[in-house]
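Now for the letters of each chain:
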Amino acid sequence: MRLSSKQISLLVLTALIVLAPLFFPSSFYYRVGALVFINGLAVVGIVILTGYAGQISLGHAGFAGIGAYACALAPEHFGIHVGLAALLGAAISAVLAYLVGRPILRLQGYYLGVASLGFGILVAMVLSNEAAVTGGPDGIQVNDLGLRRLLNDLGLSLSNSEFWYAFSGFALLVGAWIALNLHNSPTGRAWRALHGSEVAARTVGVDVARLKLQAFVISAVYASASGSLLALQNRFITPEVAGYMHSIEMVTMAVLGGAGSVLGAIFGATILTVLPQVLTVFAEYEMMMLGLVMMLVMIFMREGVLPSLLRLFRGRGE
Amino acid sequence: MSELMQFLFSGVTVGAVYALVALGFTIIYNASDVVNFAQGEFVMLGGMITVFAHAAGLPLPLAAVLAIVVTGVIGVALNKLAIEPARGAPVVSLIIITIGAAIFIKGVTKLVFDKQLHRFPAFSGDTPIQIMGATILPQSLWVIAGAVAVFIGLFLFFTRTLTGRAVLATSNNRLAAQLVGINTKWVMTLAFSLSAAIGALAGVLVTPITLTSYDVGIALALKGFAAAMLGGMGNPKGALVGGILLGLLEALTAGYISSQYKDAAAFIVILAVLFVMPQGLFGSKSMDRV
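Residue numbers (numbering that gives the first Met the number 0), protein chains in the order written: chain A, 0 to 317; chain B, 0 to 289.
If we strip away everything but chain A, and leave its shape as in the complex, we get (with noise of 0.2 angstroms):
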């Protein structure tokens, strides 16, 4: 029996997810890791959407604040889970990218990238101005998950980094599942033809409107999600989530590493995820060294780290 590629990639993913802890010599490794699996779903979906359909989005951080504060207050002001409120979150992103979606997405290029930006800078400002209801610049408590305890109740301890770990590296897995199906479904199929060609896609009968706008309400739920679980996994939160530094984060980590792959996406997640981490002994020189990587492998690069990697290891040819 062959693998396809989706479960290849599946297999990849999950063994590193569970092999990686093997080399950590501390906790401080599994806070690490459960970020870059946290980046990495918020990047899943602009693969999603940059990869797949050819959209831009310079706002998707909006979607993580709208995800991430919705963990915040409707425990507080409604009294519901905030597990419940996570997917709560999820739905109001779902909501208000179809609503902001529609007359956005018949931009393109360039245009398209202000408009969403200006989306997103929206919410964050809404976000770090309203304080009376979301404390403003200074962040917000979150409560607690539970879900660890219920799990150490059951008798599996774990410590809270590595419940962390676990647990947004499963989503991480969850989330990549449906990308990989979607990347072979026939909306996967219609996207790509028009990320080829809208023109194209267009005359062999796509709906281009309905198929970039999917897109569009698929990736704002993977960011939402994403945001949620980095305010569930840290407790607090603050505007910076939803914040235009993060929406660039997302595209340069999706683009970096690959935008066309799950796999090449999650590894631009990793490397832009860690590089901070690493450059903190050269803080004085870390931005100037993040701002050269992006430059660097946007220029010999293209079509992202991974992807490059993997062509050079099977040699020239095809």
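Take the hints with a grain of salt, since some may be wrong.
From the structure, some residues in chain A lie toward chain B, with a derived Cβ separation under 8 angstroms [stated by the list, open to error]:
hint, residue
1, Val277
2, Thr279
3, Glu283
4, Met294
5, Arg301
Calculated from the structure, these hints are not laboratory results. Predicted model, so just to flag it, every value in this text is computed and none were measured. For each residue, glycine too, the CB sits at the ideal point set by N, CA and C.
Got chain A; can you put chain B on it based on the hints?
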């Protein structure tokens, strides 16, 4: 009435800066179809280099000229080292390259200079001028005059000089321009140095009012980008009008509605304009053939 005048004055001043940033975007976009997100860093560099050259003992005008020249050279380096090698890359890659360049320039500036807020003295003193019950700083007049002068200079350059027409020809059709013997690589280099110098000039003019530090660039780039888009990407007249409109909108929102949401107002209006007129106010209605 005097209140309104006050808002208009501050709006036009800020708007003139946005217009200068937007003009920089326009020039590069016309020559190469690249939206340069590092445009705001040129403004920051203009201010920062002037501050430190002045502190090192250079007279202010000389420091300003030095800042503009150095920033122009950095613009050329950006084109030669990052944009030219990436020719033909998709829009997302170009966005990331120029954002990467912005972060890189910011990081280097932080290393070379420092993280403090800086200013240098206004060109003609700080005594406010009274007009119709409102006041305006002399430096604001410098900023506005600077924007108008740059606009007129660019207009003459693009319409009256052979070089300027070569830039226009390149923006219209790169291949055709090459066929009639225009050195399009040189045109791009010129565009990057010109827009970097204009950005730096904006930084020199506005620093006495708004202060500068290594991290002011990105906000300026976003506003300039929005202004260029509002006016119609690639149109110098649009950049000027878009910039001033954006500045006025912000000032009026801050004055009458909420200072916290002034940035939001600008973006809401831009979104509205894009929905109704996706090409912006002055954009050419180029249609994709279907």
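Comparing the hints with the structure gives:
{"no.": "1", "hint": "Val277", "in the structure": "violated (16 angstroms)"}
{"no.": "2", "hint": "Thr279", "in the structure": "violated (14 angstroms)"}
{"no.": "3", "hint": "Glu283", "in the structure": "holds (6 angstroms)"}
{"no.": "4", "hint": "Met294", "in the structure": "holds (4 angstroms)"}
{"no.": "5", "hint": "Arg301", "in the structure": "holds (6 angstroms)"}
When the structure is compared with the earlier hints, violations turn up for hints 1, 2 and for no others.
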